[in-house]
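Novice: As a plain string of letters, each chain reads:
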Amino acid sequence: MSEASNDATQEISLNSAGARPLFQLSLMGKVGAGILLFWIIVALVGPYVAPFHPADFASDDSFGPVSAKYLLGTDYIGRDILSRLLHGARLTMALSFTATVLAFVVGISLGFTAALAGGWVDMVISRIYDAFLSMPTIMLGLVVIAALGSSIPVLIITAGLIYSCGLYRIARALAIEIKVMDFVEAARARGERLPWIISREILPNAVIPLVSEFGLRLVFSILFISGLSFLGLGVQPPTADWGVMVRENLGGLVYGSSAAFVPAAAIASLTIGINLIVDDFSAQRGQEIAEEMI
Amino acid sequence: MWLVVLRRLGLGIITLWVVSLLVFAGTEILPGDVAEAILGQSATPEAVQAIRDQLHLDRPAVVRYADWLTNLLRGDLGVSLAANMEISEMISGRFKNTLVLASLTAALAVPLALAMGLAAAMFPGGRVDRLVTISTLFLLSVPEFFIAATLVLVFAVHLQWLPAITYMTEYESVWQLMESLALPILTLTTSVVAHMARMTRAAIINVMTSPYIEMAILKGVPRGRIVLRHALFNAVGPVVNVIALNLAYLVSGVVIVETVFAYPGLAKLMVDAVSRRDMPLVQACAMIFCTAYILFILIADVLAILANPRLREPK
Amino acid sequence: MESLLRVENLRVEAKVAPERYAAIVKDVSFSIAPGEVLALIGESGSGKTTVALSALGYSRPGCRIASGRIFLDGTDVLTLDRETLRKLRGRRVSYLAQSAAATFNPALTIGEQVTESAVLHGVMDREAADARAVDLYRRLDLPDAENLGRRYPHQVSGGQLQRLMAAMALCSGPELMVLDEPTTALDVTTQIEVLGAFKDIIRDQQTAAIYVTHDLAVVAQVADRILVLRGGDVMEIGDTAQILNQPANEYTRKLMAAIRPPPSATGGDLDAEDAAQRQPPVIQVKDVTAGYGRVTNGKPATTVLRDVNATVNDRSVLGVIGESGCGKSTLARVIAGLLPAAKGELFLDDHKLEERLADRSLEELQRVQIVFQMADVALNPRQRIGDIVGRPLELYMGLKGARRDERVAELLAMVELPGSFSSRYPEELSGGQKQRVNLARALAANPDIILADEVTSALDTIVGAAVIDLLKGLRERLGVSYMFISHDLSTVASFADRIMVLYAGRVVEDGPTHSILGLPSHPYTQLLLSSVPELRQGWLEDVMKTRAALAGIARAVEITEVGCPFYPRCPIAIDGVCDTRTAPYREPVPGHRIACHRELTELAEFEQEF
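Heads up: the protein sequence lines correspond to chains A, B and C, in order. Take the first sequence: its letter number 134 is residue 134 in my numbering, and every next letter is one higher. Take the second sequence: its letter number 233 is residue 233 in my numbering, and every next letter is one higher. Take the third sequence: its letter number 343 is residue 343 in my numbering, and every next letter is one higher.
Derived Cβ-Cβ restraints for the label pairs, each shown as a range:
hint : chain 1 : residue 1 : chain 2 : residue 2 : range
1    : A       : R200      : C       : A241      : 51 to 57 Å
2    : B       : P211      : C       : A241      : 33 to 39 Å
3    : B       : T209      : C       : N309      : 46 to 52 Å
Keep in mind that the hints were calculated from the coordinates and are not lab data. Every value quoted in this text rests on a predicted model; they were computed, and no experiment measured them. Virtual Cβ for every residue (Gly too), placed ideally from N, Cα, C.
Please take these sequences and the hints and turn them into a complete structure.
Specialist: The structure is reproduced here in structure tokens:
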């Protein structure tokens, strides 16, 4: 006979299923997953399938219309938009993924270190990150790019470091929440060493909340990098990056050309897809909202 | 209570100082020789020397920092390398423009977002809530230039209601001004509202699911009073916080919007400066934005303190 | 008498999956006469809170009242429209929640919240309501009644908030009051005050009441009739006297059996005690001072334990008693090495035990095991039971694979859990089962001593009693020693050979169990003993009279530098002596020490009166 859980026990954010399957997606989540999957496939396969080389001045028409040959029309100097889009997918996803992984590695390791070490280590790192967080991140990005130029490594590292700030806070908060749990105390009392405690006691409980964070940061990175490219400060032409493509073709908007719209829509669909998954995931885990208040 | 406020103020000043360090450090991280890096291809020996003199690169970094900081505090923002003009002259007009854009947006976005968030939170899971949740999800997922491009396509190109580019130089009437600002403000508002409405909704729901709200229901308190008297006060803190945080979006949104619509604001100036590596100008602009940002966060924090009786009247 | 409240065939369901509901209250019927107090007894999950809430026509989010009728003075509450229902709540029926902290809105003043219902429902105007509130505050023994209303909840202590909840519930003069475990979270000595205050005021205002609790002894003091609930079904309902003395239902009888009889030295075994004395004690604590924060000159920034001496003999049980804040859990942590002592020494079997975990050998760590109170958080939710119990085997004994699994199965059997549990996750287990796993993990290390820190405090009565029986059985079989920490004197007395009483970080008394329970004893021990509710009606009244002499006004425990920490509450304190000088130890019989300035004869005389 199972007893209902004690009312006195408070819900913890990590009170997640060890036994149930990790998560099931609702309809919206599945739509998002579908979109993401689509773009991943495009990123992998795109360059091989593209009808033209992204740098080819395929057509004489600038802002050429949609046709059988140019499935999405041509851009401002006559290049095939579809081909550039397909190539750009890989670049966009690779850049933002790498940046997010970097953010994760830096943010989480520093966050855990600060939480577990405590004392002045915690204070120093937290103060530094507080300073970073107290300015709008794009300002920081702009200053760095002004100084270092906008090469791909710079973009990745800048985005990675900027987004590690939020992750640091979250990882630190999670680690602090978990480390005071009795099972961590019990492990300490047993005589377990720090590496064991981190990898076997703390990390498994931190994984799930962090998964949503990964998705969120991924979206931020995509928007950040493409935003910079749009400003002319990110990936440089003639590389086929989606943000660059929007910038290049912006003038065409006034003439009714959708050339600028297409890459923007591509970015939008990708970020929406990821956010749908993240939203679904956190709604599943989150506390139940009162359906109605009498 | 005043002690708490003062401490917060002090913290703000220290933060500002640290930020100035970070911004200044921008110059220091230039690879290789600063002057050459700035000039890039047009690095003739005379030009390089000119830059060196202008930036006083022969002096150690700490001294340069001190000079820079003291100048800033006096209102002397330095000289632009590219335009060779006093930065303060260049900025004033632009700053005003950006301020106009940002304030009008805020005036529109904040009430709208609060209303949306509140409406969604009142009936969680209901129709309004679902509508708000999904639409905000879409809006904040997409890049600002997408929203801008869509709006331009719809309003400027197809419907021909509004101009696609802003003409700020001459306008005959307030109406014309409004017309030309409409799209930029609309774009900016959309993305800011999306973030703010969501967070407001979450903050209010959080308060609504507090146990003392259930107690109020059990006391037979009517719903209106529960929301307005019980929930609202507790929501003030988190909501004010939300508004402050979203100013960050406003700032970054401003950068994009000014570029898309060729709006002669401070952000556009900064973006141009970045591509020209005009460091003094970049730093001056960054400091202005950051100061404004920190100031707003400070105000938000103080408001949150005032709204929280636990901080107002300690035991 | 016409019934005030009549519940017929109430059924409440909870949503377990989209479109699927399960019954949590199955078919409950009862009635309450005006002015009558009905107690709803049950363990957690029995549905008692749900039943109580339905008297207000309310069900928690995720639940719904599926069927049944609830007549309040002839009108079926469940058929009322929202507006009428709303008007009823807070005016005719009021609710007193379990936790004060969660009841009061931190942003509004106390006064506004207490008078809110009365004013809103038009029972009286603002001024009258305020006056009534002040009157209630006085009756509830709250200090500074005039100005209390202007304060905010965070400016008032927990015990006071509890009483303010009662004021809030009574302000509008309801006919029926629903009290949901109002004294559960309080210390034993505080509970008495609050219970007495509630009882008085309910009688005074002639309100009927539904009193929800899991504590039969408490209920015996306030209820006219008792309803026993289990799993959403009514087990038995009847007059208090009948239920207490002649329970008809099987479950009720089990419940009664699980309630510890008043503290009597049944657990101690004198022979074993003597035998144990001849071996070196398993654990010895000498002059330990410990706390939190930076240590300067052997004193921590926040001192929790001061000059504590304790001994756990071989194969015996030391019970550590004290109320919240006395430092008993801290003592366990110091012994386990989780918190280094600022001063003093620890010995394991006669050799010195390092204070810090890092300095102890694996063997030393193995021999001292600690079991925590909250089994929910003591087990890593992401590890299977088999791995949890098996880890000490791997760590200390190097057991792996099949041999490890075999031993795990043995251990699970030892704590009376099925072997199949080893592949489950903690969240699939009940509270009692989790605590057994906790125990199994400690036993896996084959320790010399287990530090049991309030291991049954979070469990239901019956479940907790079963765990205690298990502990007793294990002690006989394995010969392991225990340091059994608890705030529940009855449980400790039934189990421990020796008892140590802690107050504000100091040991005020320690000795063999039967000695402690007899006379003379420390005034605080006396207070504790008299605070344990007895399972008979009328006990509360008796105690309240005697407690007038034993001043036990609840107040935050202060850790004092010098002098006896009990001085502010002690009825026989000597001014100028007890507050300035550390009390000497008196020994009525060898091995029994009382820290008191008074002579033994004086103590015996004073306590004889009670």
